[in-house]
Amino acid sequence: MYVYDEFDRAFLAERVADFRDQVERRLSGALTEDEFKPLRLMNGVYLQLHAYMLRIAIPYGTLSSDQLRRMAHVARVYDRGYGHFTTRQNIQFNWIKLEDLPQAMADLGEVGVHGIQTSGNCIRNVTTDQWAGATPEEFDDPRIWAEILRQYSTFHPEFTYLPRKFKIAITAAPKDRAATKVHDVGLRLHRNEDGELGFEVLVGGGLGRTPFVGKSIRPFLPVRHVLSYIEAIMRVYNQFGRRDNIYKARIKILVHEIGAEAFAEAVEAEWANIRDGALQLTDEIIDDIRARFLYPDFAALEDEPAELTAALEDPRFATWYRNSVHKHKVPGYSIVTISLKPVGAPPGDATADQMDAVADLADAYAFHEIRVGHEQNLCLPNVATRDLPELWRRLDAAGLATPNVNHISDIIACPGLDYCALANARAIPVAQEISKRFADLDRSRGIGRLHVNISGCINACGHHHVGHIGILGVEKNGQEFYQITLGGRADEHAQLGTLLGPAVSYDQVPGLIEDIVDAYLELRSSPKELFIDTVHRLGVEPFKERVYATH
Amino acid sequence: MAAPQQQKLKVNGPVAVTANRLADGAVVWRTAAGGWSTALGDAAVVTTAPEAIALLEGAHKRDTDAVGAYVAPVVLGEDGAILPGNLRERIRVNGVTFELPASEPPASTLPAA
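From first to last, the protein sequence lines stand for chains A and B.
Position one of the first sequence corresponds to residue 1 (UniProt numbering), numbered consecutively onward.
Position one of the second sequence corresponds to residue 1 (UniProt numbering), numbered consecutively onward.
Looking at chain B on its own, in the form it has when it is part of the complex:
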């Protein structure tokens, strides 16, 4: 599968522009003020392709803050909350869908005697 950056832009509902922060790769969202935020709630949400392209062009102007910007679907909750619009973005926002390995030795893995 091609990464979202390589796919043709389609806007069929609310979208935001997202990227990874240059210094640490953290997921960031383009704000209406032309900055980046790690909180999806701060994202500028648009609903047309020209608006999305304008956001994206702004994101691409300066690449020392964030890299790999692309347009991602979002969903607007009843309370106005901005939520990720697909599984990929849910994982980017909420983290991996399983428990990360913890650095304490687990209990015995052997079958009972």
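Chain A with its partners taken away, still in its complex shape:
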């Protein structure tokens, strides 16, 4: 966990006091809606279909048990008893009253969480791998660099009114769990031939109405230059990015229009002026940030304890273990993913009781620490392997032991038309129906890894472009229709999906997804060939022929 200091606490308290004053002035009429709207957005407050929505950042996806418990409190006291974890390591409360928002923010601020950088045309919450600091694959803890970027970007005057929002993601492992290639800037930490730590810098990725996979503009950037290089990118974007058309204002449009090479040249020219200046990170600064991350006091434990061996005799535990538990960098410890996708439930939602339960389990088994992944699941990154059987039983009691991580029912979905003022079709009920169709976990295990992503509009908050199966809701003559894409992926081999065929109606979607899955089971070269590999080997045509013959 990162330990906030007195500066951070005082800063947040002042911010809450400012917002309380702004809300009072808005309610009294001293501020008009036009004046108030940018102020509320800078604090993560949106107005949705039925109510205000508060979006709270979970920087680099890391939460303490106290913070999660406080979120449960906010859900219970000010909302309707649940929260929604998003695809950018945020949590949203969908029913908060404006008049309650200042106190809700004050309650959250006491444990160091807030809505800053969750809205508006600023650098948003910097995201990273939910297995950071725990996975044996990583070159370094990416949260160190996410925190450095967070401190640098928060209220940076040059970045408060960017042409559009700006999203940065970092991975420090070759296996990309942070979707870095579909962010405005993706940073991929690795070591060069001399063993030096640095970033590959990708720019211009993004989804929405004009999706692009990010382009690599620098294969290796020594870590000490990360701030100056990001600043150079931001300056080029600020100078040349379009402000005349909201739909063409993201950096991906600029990179696409002038080309990655020209963009890189402009960045390098700008960087040459500032690279050795005040933004160069000294070892002292890096060490100071690093020292504020407190790591668990790991014990020397057996990697395959007797408790685990005995529990694996139970097929139900074994199923969950194989699906939801991954190797930790420290022997005797494991990384546990907690699915927030129980069959038929809204993806990413957790009730206040479930949040409290996870917080209690983090205290009991995981050094008080929880993570949030962009797949809308939670994670306990540091669990003693010998405790897994007990943890599993307690997760199950809280309805949190569904062993469907990376299965077809582990669906990423935006809130869609049920909540969102921008959406034109529902996403959650579509996800629920597909989830029910594949409720048989033996069947979904036989299908293997398959990511379904659903967005309720072209803004693509459900990342449909990079779903193995992507589902995009559109509106035609007042009716909901859905376009299906195949072959997208958000990992280190990121790729945009290919349109399968004409859009189908709301009622047809679950059946069509079943037909796609049936086609895959027929077409795959062996049970070991994953869905995504079959699509890439054959293209979408064989799927199209089979699926549209029946629809």
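Treat the hints as calculated values from the structure; they're not laboratory data.
Hints should not be assumed to be uniformly reliable.
[Claimed, not checked] As a list, the in silico DSSO-like pairs of lysine-lysine whose alpha-carbon atoms are at most 30 angstroms apart:
#1 B:Lys8 - A:Lys37
#2 A:Lys248 - B:Lys10
#3 B:Lys10 - A:Lys37
#4 B:Lys10 - A:Lys476
#5 A:Lys436 - A:Lys544
[Said to hold, decoys possible] Some chain B residues judged to face chain A by a derived CB distance under 7 angstroms, without partners named:
#6 Ala23
#7 Gly25
#8 Val67
#9 Arg92
#10 Asn94
#11 Phe98
For every residue, glycine included, the Cβ atom is placed at its ideal position computed from N, Cα and C.
We have chain A; now place chain B onto it with these hints.
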């Protein structure tokens, strides 16, 4: 998709003016008396663009009661009841189309032994 507030006004049938209440965001409807009601049945229904614009202008005059006003289609039932005219408005009137998560732990999610 642009929000209804950002779209060009088209009136092809009965419409009402709707917004969100400032204090809590609740869905409200403009009444003929120039106030706001949470009941769609209280809404002033008009059928021409000038009438809709007049309703909207009235709604925009005072922004401490409701915000984000726009013209929404409605349908008149045989009994004269006012009903939402599209899916978006049905959801705003009736709520989300699925069961909200309840804060009681659900039954076991594990497969049968």
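Results for each hint:
no., hint, in the structure
1, B:Lys8 - A:Lys37, "holds (22 angstroms)"
2, A:Lys248 - B:Lys10, "holds (27 angstroms)"
3, B:Lys10 - A:Lys37, "holds (26 angstroms)"
4, B:Lys10 - A:Lys476, "holds (16 angstroms)"
5, A:Lys436 - A:Lys544, "holds (24 angstroms)"
6, Ala23, "holds (5 angstroms)"
7, Gly25, "holds (4 angstroms)"
8, Val67, "holds (5 angstroms)"
9, Arg92, "holds (5 angstroms)"
10, Asn94, "violated (10 angstroms)"
11, Phe98, "holds (5 angstroms)"
Checked against the numbered hints above, the structure breaks only hint 10 and satisfies the rest.
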